[in-house]
Amino acid sequence: MRLSYPPNVKIVKVPCTGRVDIIHVMKAFENGADGVYLVGCLEGDCHFLVGNVRARRRVEYVKRLLDECGVGGDRVAMYNMSSAEGQRFAEAAREVTEKIRGLGPNPAKSAKS
Amino acid sequence: MIVANRKPFEEIIGMLKPYARILLLGCNECVTVCATGGAKEVAVLASEIRLFRAKEGVPAEIKEVTLERNCDPEYVETLKPFIDDCDVILSMACGCGIQFVGEHYRNRIVLPAVDTTFDGVTEQHGVWAERCQGCGNCVLDRTLGICPVTRCAKSIFNGPCGGSQGGVCEVNKDAPCAWQLIVDRYKEMGMLDRYLEIQPIKDWSTSRDGGPRKRIREDLKI
Amino acid sequence: MSTGSNLEKVLKNGNFAVTSECGPPRGADPEAVKKKGAFLSGYVDAVNVTDNQTSVVRMSSLSACLILRSMGFDPVMQMVCRDRNRIAIQSDILGAAALGVSNILCLSGDHQKFGDHPTAKNVFDIDSMQLIQCVRQMVDDGRFLSGEEIKGRPNLFVGCAENPFADPFEIRAMRLAKKAKAGAQFVQTQCVFNVEKFGKWMEMVRDLNVHEKVYILAGITPMKSVGMAKYMKNSVPGMDVPDDLIKRMQQTPKEKQAEEGIKICLETIEKVRGIKGVSGIHIMAIEWEQMVPEIVRSAGLYPRPQP
Chain F
1 MRLSYPPNVK IVKVPCTGRV DIIHVMKAFE NGADGVYLVG CLEGDCHFLV
51 GNVRARRRVE YVKRLLDECG VGGDRVAMYN MSSAEGQRFA EAAREVTEKI
101 RGLGPNPAKS AKS
Chain P
114 MIVANRKPFE EIIGMLKPYA RILLLGCNEC VTVCATGGAK EVAVLASEIR
164 LFRAKEGVPA EIKEVTLERN CDPEYVETLK PFIDDCDVIL SMACGCGIQF
214 VGEHYRNRIV LPAVDTTFDG VTEQHGVWAE RCQGCGNCVL DRTLGICPVT
264 RCAKSIFNGP CGGSQGGVCE VNKDAPCAWQ LIVDRYKEMG MLDRYLEIQP
314 IKDWSTSRDG GPRKRIREDL KI
Chain G
336 MSTGSNLEKV LKNGNFAVTS ECGPPRGADP EAVKKKGAFL SGYVDAVNVT
386 DNQTSVVRMS SLSACLILRS MGFDPVMQMV CRDRNRIAIQ SDILGAAALG
436 VSNILCLSGD HQKFGDHPTA KNVFDIDSMQ LIQCVRQMVD DGRFLSGEEI
486 KGRPNLFVGC AENPFADPFE IRAMRLAKKA KAGAQFVQTQ CVFNVEKFGK
536 WMEMVRDLNV HEKVYILAGI TPMKSVGMAK YMKNSVPGMD VPDDLIKRMQ
586 QTPKEKQAEE GIKICLETIE KVRGIKGVSG IHIMAIEWEQ MVPEIVRSAG
636 LYPRPQP
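Chains as they are written, first to last, in the working numbering: chain F, 1 to 113; chain P, 114 to 335; chain G, 336 to 642.
This is chain F alone, in the form it adopts within the complex (with noise of 0.2 Å):
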């Protein structure tokens, strides 16, 4: 299954989405992404219990202080699936870089540049 996805997706890895701090999202705007999103494993499914419900909560969360601080809380998504769903990564991927392309560029970016 070679499934391609749109290269400007650059993967961080984490142990868990329960590891993504708001301050790991912030500072990926700050240094000059257009979009952040989560891709955890399914709720329920989480080997540390309930760490992608967390990540889900922070990600409201950060969505506030995007929107508050002008970059737009849009940029941000989550997303629950398991390992054996390759489909359905690509088609996020794909999903979310639609979404960003038709929001822009980072405004924080463009006003540096």
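What the hints contain is simulated information worked out from the structure, not anything from laboratory work. We treat Cβ as the ideally placed atom computed from N, Cα and C, and that holds for glycine. Hints are not guaranteed to be accurate.
The calculated lysine-lysine pairs, modelled on DSS-like cross-linking and capped at a C-alpha distance of 27 Å, are [what the hints assert, rightly or not]:
#, chain 1, residue 1, chain 2, residue 2
1, F, K99, P, K130
2, P, K315, F, K27
3, P, K130, F, K63
4, F, K63, P, K176
5, G, K565, G, K582
6, P, K315, F, K63
7, G, K591, P, K315
8, P, K315, F, K109
Computed spacing ranges between beta-carbons, pair by pair [claimed, not checked]:
#, chain 1, residue 1, chain 2, residue 2, range
9, P, G280, G, S398, 33 to 41 Å
10, G, R478, P, F231, 36 to 44 Å
11, G, V391, F, G104, 47 to 55 Å
12, P, R326, G, P640, 20 to 28 Å
13, G, D542, P, E301, 36 to 44 Å
In silico negatives: residues of chain G with every beta carbon more than 10 Å from chain P [stated by the list, open to error]:
#, residue
14, K516
15, P577
16, R583
17, E594
18, L601
Using the hints, position chains P and G against chain F.
Here is chains P and G on its own, set in the frame of chain F:
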């Protein structure tokens, strides 16, 4: 611990408008425990400010410093090396810390990034609630550990008022009625007869009403 | 020492007392007070004047008391602890007594959150229980809370309120006992819709022998419509409106609901009169003062004893 809420971003960014170099100050004590102004929250707010200012085309230079405590001179003095390089100090410490830093560095303005709210406890992870108003004249012996001054919306000493229903305060449905708690506690301890004692009028002069308060222990003075 | 209070006289003479209330206007027009008062003239033994009830700014209780007094009423000045500290409270008590007010009703006061100035700072220096003690100390001992002597002591008949329907129910009679111990001479209760629960409360009150110490006036409120009944049940804290009462209003055609409301009110009066220890009723006809004469007449409580 002292509990605070972060101010709305719009208010913070408005206060910062005239300044380019910002010393963003956190505190490792209470505001860290209530997840308002510790090193983590300092980093997130700094990031938000940088993103906003970059978007506006007026970049901000932010130095992030989190002190062990903002209410003790020995820690506040360690800020000295950073003062000259900033235009303003934005503090995420409680109201005490904000004022105390300002008293030490009189050539800089200290702006509040948080609204200090109450003295409270962690009821559960992510939930903090008020317990003490520091009235200076504790009555917890008489009310078996539940403070009517703090936990009753009317601070009444001979409650409950007519607005107590289903154990909940009429002012805030998320707050238990303090007097329901007190009566329950009397019953629990087999002391319901204590309820019949009329609590006397309180001396508020030990509270804020008597003016700013100070505590001195001569033996500890240097 | 008896006061100049007509209410006190009526109660002491063993008559079943009738009081009502008058909410002062949200303005400076004295005619608004007089208009409401005119409905009640001759039908009540005393008129309560609310003190910025539900924390909405209105003409002061004392001022409206004086307007009603000039019309021949015996006003009951309601006083809440929300807006005054002990200095202002004692000062207003002296002023009221000086101007001929003979009754005071001591209340904690609704929280300002429910009013038109929710951002106000509240006072609550003392509570209703302590306010009762304060007035009695001024009246009986002729002393201020500070202990200093009052030159020209006030003379007032002291009342309080109690809500038999609020929680925790088991201490509601005890709370009245406390108020009696503090020095309350009469009590006006929260609106009685749930007569059965009121009866239970009275039983507890009698067990504590409180009915021998304070005159108990049951609160009576006629309901205009099923909408009002539902509002009272769901939106007014501490109000107990039984479901069968709402059902009864619901089953009545809209144009007859007011009539049915009065009928229910008269039945309630009849029932509470039969409860041992009830010395009178306090009719709170909210924005419906014009119905008070009919209620008093139909309940067989007219004419009132001559002042």
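Checked hints:
| no. | hint | result |
| --- | --- | --- |
| 1 | K99(F) / K130(P) | violated (32 Å) |
| 2 | K315(P) / K27(F) | violated (53 Å) |
| 3 | K130(P) / K63(F) | holds (24 Å) |
| 4 | K63(F) / K176(P) | holds (24 Å) |
| 5 | K565(G) / K582(G) | holds (10 Å) |
| 6 | K315(P) / K63(F) | violated (48 Å) |
| 7 | K591(G) / K315(P) | violated (52 Å) |
| 8 | K315(P) / K109(F) | violated (60 Å) |
| 9 | G280(P) / S398(G): 33 to 41 Å | holds (39 Å) |
| 10 | R478(G) / F231(P): 36 to 44 Å | holds (38 Å) |
| 11 | V391(G) / G104(F): 47 to 55 Å | holds (51 Å) |
| 12 | R326(P) / P640(G): 20 to 28 Å | violated (57 Å) |
| 13 | D542(G) / E301(P): 36 to 44 Å | violated (23 Å) |
| 14 | K516 | violated (6 Å) |
| 15 | P577 | holds (15 Å) |
| 16 | R583 | holds (23 Å) |
| 17 | E594 | holds (30 Å) |
| 18 | L601 | holds (25 Å) |
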